[in-house]
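Colleague: Going down the list, the sequences are from chains A and B. Every letter in the first sequence is one number past the one before it in this note's numbering, and letter 189, counting from 1, is 189. Every letter in the second sequence is one number past the one before it in this note's numbering, and letter 108, counting from 1, is 108.
Since the list can't tell identical chains apart, any single copy or any two copies may satisfy a pair.
Heads up, simulated EDC-like pairs for lysine to aspartate or glutamate below, C-alpha to C-alpha not over 20 Å straight-line:
#1 83 - 155
#2 127 - 117
#3 132 - 143
#4 44 - 143
#5 44 - 135
#6 44 - 145
#7 44 - 136
#8 132 - 117
#9 132 - 122
These aren't lab readings, by the way, just hints derived from the structure by calculation.
2 protein chains.
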Amino acid sequence: MIPTITTFGWVPEFARGFVRDLRPRWAFEEVGQCYRVDLISDSKSPEHRRLQPFGQVPTYRDDEVAIFESGAIVLRIAERAGKLIPVATAPRMRALQWLAAALSSVEPYVMALAVNDIFEADREWSKARHAKVVDDLKTRLTDLEAALGDNVWLDGDEFTVGDLMMVSVLGELRGSAELAYFTRLAAYIGRGESRPAFTKAIADHMATFEAPAAS
Amino acid sequence: MIPTITTFGWVPEFARGFVRDLRPRWAFEEVGQCYRVDLISDSKSPEHRRLQPFGQVPTYRDDEVAIFESGAIVLRIAERAGKLIPVATAPRMRALQWLAAALSSVEPYVMALAVNDIFEADREWSKARHAKVVDDLKTRLTDLEAALGDNVWLDGDEFTVGDLMMVSVLGELRGSAELAYFTRLAAYIGRGESRPAFTKAIADHMATFEAPAAS
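For reference, chain A alone in the conformation it holds in the complex (with noise of 0.2 Å):
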């Protein structure tokens, strides 16, 4: 079988870009390998759950595996392509140290920010919360952009799953005004998304919600 994950057929207006499909659509295009998407548009129901317990996207099989957690999923595309993740151990193991950077010590910072400013916009907290939530990010962004120092990649020249992850958990700040502070993990960034697989992979998630529904 073709490997094959499963995202939403639509999703609201604010949310197309980012939702984690494109994290798997990605890693594919950079590795080469078909795949096929299943769209679905209820990912809390029962059979969705079998596949992915807290009722989210994407989830992923091949002939051997069936999984879900993106950073999971990028992981298990890479290593099947035998790429993006460097053979020899102590490489692999800090390209596997970036990607579990990117989920555990960047991530809960971003979607810290979205969920105050976008999901919780009308709660009574928001606004007084929104220069915490802030601040928190800086620390995090300063961190790691004096990490990267003038490195094209996290871990020098080679783009690794552990860029692939950085550059997608960094890129959910697309369009907000704290990255403009950090202009090094803005030229990052924007290394990541112009590769060409990451464009293809970006205009394929977003060809979903433009193709006329099936009738």
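Given the coordinates of chain A, assemble chain B onto it according to the supplied hints.
Modeller: Only chain B this time, still in chain A's reference frame:
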């Protein structure tokens, strides 16, 4: 060299039992690997930031690998020992899926409660926001409990890095009222924390803070 982790030599009493060096300590004990601990007092120092750009603990090094991020460290300890992670591709990827789920899909909600109720306790929004943070956490715990079902461990009968990380993350709720609603999850945490390797790991972790300071 003996694998070595870096962590704090002292933390305030409320943080004892919760510092993330507990995760690699537990993994080391599970696989039967002796290890060294380098105690530091200032995780924000330039020297430490060269090992951990976000100024946190733990860090890890062995003969081949030097990394941070508890998720990557626990995976390194497991892979180096050839234990705690299945060899066959499908169950191996499911173990990595649960490791990622612990860090990406559960921990942010556990940490949000700690941040709101402890670190932001004196902020004007803390009390008003508490119920929302608890609701979000309970939604995740409900889904996780349903996924666990009647299993002993998340993927069935075998304890993996996925369980080690999930029990570690859920263990941060120790002493919180929220867990009382989730009897299966509480029993799962209990099974994890009653493993001899965990008992030894947390005893060694706590002993750090009881030792008289070196003169």
